[in-house]
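Engineer: Below are the chains, spelled out letter by letter.
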Amino acid sequence: MSLDLATVRRIAVLARIGLEEDEAERLRQDLNTILGWIEQLNEVDVEGVAPLTGAAQMALKMREDVVADGGYPELVLANAPERIGDYFAVPKVVE
Amino acid sequence: MSLTDLTIAEARARLRAGEITARALTEAHLAAIGALNARLNAFITVTEEQALAQADAADAALARGEHGALTGIPLAIKDLFCTTGVRTTAGSAILSPFVPPYESTVTANLLREGAVFLGKTNLDEFAMGSSNMTSAYGPVENPWKRRQDDSAVLVPGGSSGGSAAAVAARLAMGATGTDTGGSIRQPASFCGIVGMKPTYGRCSRWGVVAFASSLDHPGPFARTVEDAAILLGAMAGHDPKDSTSADVPVPDFAAACGRSVKGLRIGIPREYRADGMPGEIEALWQQGVAWLRDAGAEVVEVSLPHTKYGLPTYYIVAPAEASSNLARYDGVRFGHRAEGGEDLRALYQRTRAEGFGAEVRRRVMIGTYVLSAGYYDAYYLRAQKVRALILRDFTEAFAKVDALLAPTAPSAAFAQGENADDPVKMYLNDVFTVPANLAGVPGISVPAGLDANGLPLGLQVIGKPFDEETVFAVGAALERAAGVEALPALRAT
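Keeping their order, the protein sequence lines are chains A and B.
Quick note: the first sequence, position 64, residue 73 per the working numbering, numbers continuous.
Quick note: the second sequence, position 116, residue 250 per the working numbering, numbers continuous.
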């Protein structure tokens with residue numbers, strides 16, 4: 010299937026990536042090239058095959074649900090572009 | 135012999151014998167970086183003061199008769215590993231202001247063993263690329279030159295291009311890398327050095343900037359198989375902070391390099407004989423078969439029937455995981471924030487448009503699309519099922535053989551700007567490396583010969599899960615038989 014410009018813009022909104030007008034058309038072509046090439050997976054018979062989610066050949070370990078680390082607000086906020094007190098600051102969200 | 139020409143094994147023996155100092159060894163490498171990095175652009179950040187302080191601490195420990203596996207050995211760290219107090223960019227503008235307040239488990243393990251860190255190496259942005267051309271900090275120059283045309287600037291491969299170039303040019307004795315679809319093995323092949331991608335779970339991913347979590351494998355670069363084994367031994371080990379870290383013992387990888395390959399069964403996957411593969415790569419592969427036969431291994435043909443579907447599967451799974459992992463870069467908690475976002479959504483969109491380069495935007499878009507409502511089953515779920523078939527291919531092959539032998543990459547290093555017109559053309563570089571990431575099995579690239587232009591070519595050994603020892607043994611046998619002595623044109627002297 011081939012993506013149109015409206016779909017490319019919708020994906021960009023979902024991905025939260027701002028798009029310039031000329032960029033949308035170039036992305037549309039690139040994405041269609043990649044998706045067209047990926048279509049070859051439709052040749053594979055996957056009937057009855059269980060999906061593989063990861064490469065770890067083992068069961069994930071369980072651990073106690075307890076706090077093991079933390080309590081460093083200064084370290085956590087050290088890279089914040091903007092902070093107010095011990096909070097990350099963002100543009101006003103609610104009027 | 136110059137200090138920068140020593141192997142890690144040689145240097146650590148001399149350090150322990152008191153014949154050289156860590157200070158002198160580190161200064162020699164810092165001088166090499168000073169002389170060549172402006173041209174190669176292998177390092178984004180050089181941590182000279184820290185390196186000298188670590189070297190002095192190593193000398194003090196050695197003077198007390200104490201040492202770890204790597205005491206005093208100068209290494210380069212891919213700028214994807216978080217390092218306390220040292221900027222970590224992932225090759226992206228979006229992380230340009232990021233200074234981690236914590237240390238990745240792999241680099242913490244190396245420091246525990248006494249290593250000296252020279253700095254942080256260049257890479258494709260978020261490790262997405264096969265040429266190091268997508269870095270926001272500029273491309274890396276491969277230290278090798280074509281014999282007939284030394285004006286062409288070649289790529290070092292990617293994504294760990296800076297690490298590979300630094301080790302090849304003798305700016306570092308070894309380096310860390312990460313391999314999500316070939317990002318250690320392909321640049322190792324392009325730069326004429328050894329690159330090892332261990333089993334998934336062998337090295338902790340904690341503190342490594344995430345690209346595709348089910349495919350990301352930290353691993354080492356070095357100039358010999360034994361050195362790569364020494365580095366992996368120090369990097370590996372169980373880490374409770376990574377839920378996929380394997381709680382299995384770390385064997386003596388370096389000892390495995392001396393094992394005989396006599397009686398081992400080596401599989402030649404017939405589907406790796408790709409159309410259009412250059413004749414000299416096919417010939418080198420046949421030469422590798424002959425070397426292993428001469429060393430007493432039994433070589434048999436095997437089939438991995440889903441090989442050709444590895445790349446398209448990867449280009450669904452990896453972007454899907456990337457679109458999820460990269461959602462954290464929103465300009466709020468760390469990293470770059472765009473100016474003038476009038477509301478939160480505009481802040482996100484502008485920050486990510488400014489902060490991500492073209493290849494990263496492309497992959498985040500693909501990933502978002504294949505995970506979106508209505509397309510999830512057709513793309514993502516189908517890819518996960520094909521991934522299961524690819525793993526099954528390996529499992530069935532490893533019921534018959536101990537390891538597989540294949541080329542690492544379908545070409546030698548190409549020039550900057552080549553393969554850039556079509557994203558799929560660039561992706562094809564990883565055709566022989568991606569299947570091992572999808573299956574999580576270990577693989578090593580060993581320099582095995584030169585092409586007609588005098589550029590290095592690697593052969594790849596792929597092994598069973600958690601059997602890196604056999605991979606190292608076979609890799610070391612190839613290294614001994616190949617006896618490659620050529621050196622890159624640009625190197626420390």
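Because the hints were derived from the structure by calculation, they are not lab data.
Take the hints with a grain of salt, since some may be wrong.
[Said to hold, decoys possible] In silico SDA-like cross-links for lysine to any residue, where the CA-CA straight-line distance does not exceed 20 Å:
#1 A/Lys-70 / B/Asp-381
#2 B/Lys-396 / B/Lys-442
#3 B/Lys-375 / A/Val-58
#4 B/Lys-519 / A/Val-58
#5 B/Lys-559 / B/Lys-519
#6 B/Lys-559 / A/Trp-46
Engineer: If a hint holds in the structure, say so; if it doesn't, say that too.
Structural biologist: Here is how each hint holds up against the structure:
| no. | hint | verdict |
| --- | --- | --- |
| 1 | A/Lys-70 / B/Asp-381 | holds, 9 Å |
| 2 | B/Lys-396 / B/Lys-442 | violated, 31 Å |
| 3 | B/Lys-375 / A/Val-58 | violated, 32 Å |
| 4 | B/Lys-519 / A/Val-58 | holds, 6 Å |
| 5 | B/Lys-559 / B/Lys-519 | violated, 25 Å |
| 6 | B/Lys-559 / A/Trp-46 | holds, 11 Å |
Of the numbered hints listed earlier, those contradicted by the structure are 2, 3 and 5.
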